[in-house]
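Engineer: Spelled out, the chains give:
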Amino acid sequence: MRRAALLLALGAIAAPLPAAAPARAQASEEAIKAAFLPKFVRYIALPTGSQPEAEQPYYLCVIGRDPFGATLDRAAASEAIDGHPVAVRRFANADAPAIAGCHVAFVAGANDQQTADTLAALRSQATLTITDSRWSKSRGMIHFTVAAGRVRFHIDDAAAAACGIAVSSRLLALAIDVKQRTP
Amino acid sequence: MRIEDITGRWRGFPIAVTGALVALLLLAGILIVAQGESSYLAQEQRETHAQADILAASVAAALDFGDAAAARESVETLRVNPQIRMAAIYDRAGALVAGYAPEGTTPPGRIETTASSGADAIVSKAPVTRAGKQLGTALVAVDPQPFSTRLRRYLIVGLLVAMAALVAVILGLAQVTLGRANHELESRAAALTAANAELTHQINERAKAEEQLRQAQKMQALGQLTGGIAHDFNNLLTVIQGSADMLQRPGLAEDRRKRFADAIVEAASRAAALTSQLLAFARRQPLKPEVIDVNQMIAGMTELLDRALGERVIVETALVAEACTVEADRAQLVSAVLNIAVNARDAMPEGGTLRIATERREGEHSPMIALSVSDTGSGMDAATIERAMEPFFTTKAAGKGTGLGLSQVYGFASQSGGDLRIESTPGHGTRVTILLPGSDRASAAEQERRTVTGGDRTGSVLLVEDNEEVGEFAEALLRELGHSVVRARSGNEALEVARAARFDVVLSDVVMPGMSGLELAETLATACPALPVILTTGYSDEIARSGTGGRPVLLKPYRLDALASVIDDALRDGATAS
Chain A
0 MRRAALLLAL GAIAAPLPAA APARAQASEE AIKAAFLPKF VRYIALPTGS
50 QPEAEQPYYL CVIGRDPFGA TLDRAAASEA IDGHPVAVRR FANADAPAIA
100 GCHVAFVAGA NDQQTADTLA ALRSQATLTI TDSRWSKSRG MIHFTVAAGR
150 VRFHIDDAAA AACGIAVSSR LLALAIDVKQ RTP
Chain B
0 MRIEDITGRW RGFPIAVTGA LVALLLLAGI LIVAQGESSY LAQEQRETHA
50 QADILAASVA AALDFGDAAA ARESVETLRV NPQIRMAAIY DRAGALVAGY
100 APEGTTPPGR IETTASSGAD AIVSKAPVTR AGKQLGTALV AVDPQPFSTR
150 LRRYLIVGLL VAMAALVAVI LGLAQVTLGR ANHELESRAA ALTAANAELT
200 HQINERAKAE EQLRQAQKMQ ALGQLTGGIA HDFNNLLTVI QGSADMLQRP
250 GLAEDRRKRF ADAIVEAASR AAALTSQLLA FARRQPLKPE VIDVNQMIAG
300 MTELLDRALG ERVIVETALV AEACTVEADR AQLVSAVLNI AVNARDAMPE
350 GGTLRIATER REGEHSPMIA LSVSDTGSGM DAATIERAME PFFTTKAAGK
400 GTGLGLSQVY GFASQSGGDL RIESTPGHGT RVTILLPGSD RASAAEQERR
450 TVTGGDRTGS VLLVEDNEEV GEFAEALLRE LGHSVVRARS GNEALEVARA
500 ARFDVVLSDV VMPGMSGLEL AETLATACPA LPVILTTGYS DEIARSGTGG
550 RPVLLKPYRL DALASVIDDA LRDGATAS
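Chains A and B supply the protein sequences, listed in that same order.
Take 0 as the starting number for the first sequence in numbering that gives the first Met the number 0 and just add one per residue.
Take 0 as the starting number for the second sequence in numbering that gives the first Met the number 0 and just add one per residue.
If you're looking for bench data, these hints aren't it; they were derived computationally from the structure.
Don't be surprised by glycine CBs; every beta carbon is placed ideally from N, CA and C.
Among these hints, one or two may not hold up.
With the Cβ distance kept under 8 Å, some of the chain B side facing chain A (calculated, not the full set) [stated by the list, open to error]:
{"no.": "1", "residue": "59"}
{"no.": "2", "residue": "63"}
{"no.": "3", "residue": "66"}
{"no.": "4", "residue": "130"}
When you get a sec, could you build the whole thing from the sequences and use the hints?
Structural biologist: Structural data, given as structure tokens:
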């Protein structure tokens, strides 16, 4: 029953994405993640100084390895938050100075250490970090996991709060678990 | 505008007002219920919609991320509200994502089929949107309160309306009843006013009629009186005129002359008695009280009574042994007894017994002498007794009585300080009692003796008389008696004459134009204190009012010996005084 509902839900989300049609599980998982990434922007509130100027897009950066490709570009293109489009930027590592403009960043280093370094570099600015990694040092504020065949995520609200980012309670409600911010 | 017009015009008003009020109340009640019902439904609708909105908002993220479990959790939270029958989330394509329904049923699988679920439920759908894009639909179906529950709520309103209507109806009825009672009262008052006016009119008519009757009775009585008096006087005048005519004939024999002269004297004295009776009735006659022993007087009258009452009437007397002295006018008392006796005789046409009794009674202040005359005649009824003492009231045929008898007796008795009582029963006779104050003075029989009859004194007399005939007559009489006479025609003239010459006595009329006899006497008393004044009058209000101040009075009509006697007394008193 639950599974049927999940499949239905997945179908519903995947339906508008033409590239999501392939039946491969791997591709499905990445596609779902690619669909989730722009949506996260909606459920967070960046500190006032870090928000984009009027007419300027939210920058969704993929730092390091890019598992999504064009799927992410399409998902981002269909998203618009309060008149701001979502633009995807890709960087090899965190060394580029342009990563300072990233509002949301998916970090996937060649290994966990590299990911951890990148995250450490981003910690100085108000960027919502998202990772696939499960290692604690290389965990972003949101990191994906697959539970019971479903793509789900954990939220480290404490880390988000440390960067001045507020995460919507609705998003928190969808997380498998939440590392509560210290009051 | 009269009050009836108003009440008439507005009589239907209370009913109309009451009807309108009741209708208004009922309408208001229905409106309140309808409004309450519709507002309740609207409220439910709003609440359901709010629920759906909340649900939609809370599942937006779940739908966004395709998290059916999270959506179900959101939906399941609504279960705590028992009124929510069904809640469901449909995705953009209209397929059910999550939801719950009452026990034994499932939410419709497609959004399109939800319209038919639960006919009486309030269903509200809210779009689940994200950035203006619809992600799906939240549906909430709410069981409205059962109609019976709502009805119970409206029952209170209905009850209030019913009570208000009842009050209005009662008030209206009361108003109508009051109006009707008012109207009835008004009509009764109007009837009463009319009756009162009629009664007043009748009373006035009656008073007028009574006044006319009284006037008529008075005129009738006056007619009777004058008729009787004229009759009596004509008889007497016939005698006087005839006798005087005879006396004027020459060569009449001395004895016949004397007979005619006697007849004139007799007739004149009867006429005088008649006028004195009239005056007594008018209570204007100056009484000449003297001390009388009533017993002696009655004893002396028996013969007279026997003769006056005829043979059929037996006269009895029952006189007490002790003296019954009174101070009264003898002639009047005798006349009174005679009057009553004649009435008694008339009441006994077939004969009977007349009983005269005397008695001493203790009065309030002094002993009273009761002189009662009783008969065995026909008696009188109460109404007759009541009017017996009324002047001019008589039961006798016209011309036979003046109706003055008892009235005169009553006048005499009350004027003498006494009273008159009449007791009578029809068929059992009548008793008339004269009450007079008793006197402790000795009978004046001896005093009378001392009256000197023959004083042959003569003197100069000042005669004051305004009436020419009487003046001439009196002057002639006085000269005949041997007095020298000077005549004055008024009080002022008399005063002048009295100052100019000396007189032994003044004989003055009382009623004169200008200065009256009494005023003259008073003036002379200061000017000439020694000059005695004799007053003469037929009757005088002034004498009755103020008395004569101790001066002798010669009552008109007077006769020669009376004139001679009073002048003699005055001359003698004047002589002894000087």
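Engineer: Take the hints in turn and mark each one as holding or not.
Structural biologist: The hints, checked one at a time:
For residue 59/B, the shortest C-beta to C-beta distance to chain A is roughly 7 Å, which falls under 8 Å, so the interface hint holds. Because the smallest distance between the Cβ of residue 63/B and any Cβ of chain A comes to about 6 Å, under 8 Å, the interface hint for this residue holds. Because the closest C-beta pair between residue 66/B and chain A is about 5 Å apart, less than 8 Å, the hint holds. Using the Cβ-Cβ criterion of 8 Å, the hint placing residue 130/B at the interface with chain A is satisfied: the shortest such distance is roughly 6 Å.
Comparing the model with each earlier hint shows no violations; every hint is respected.
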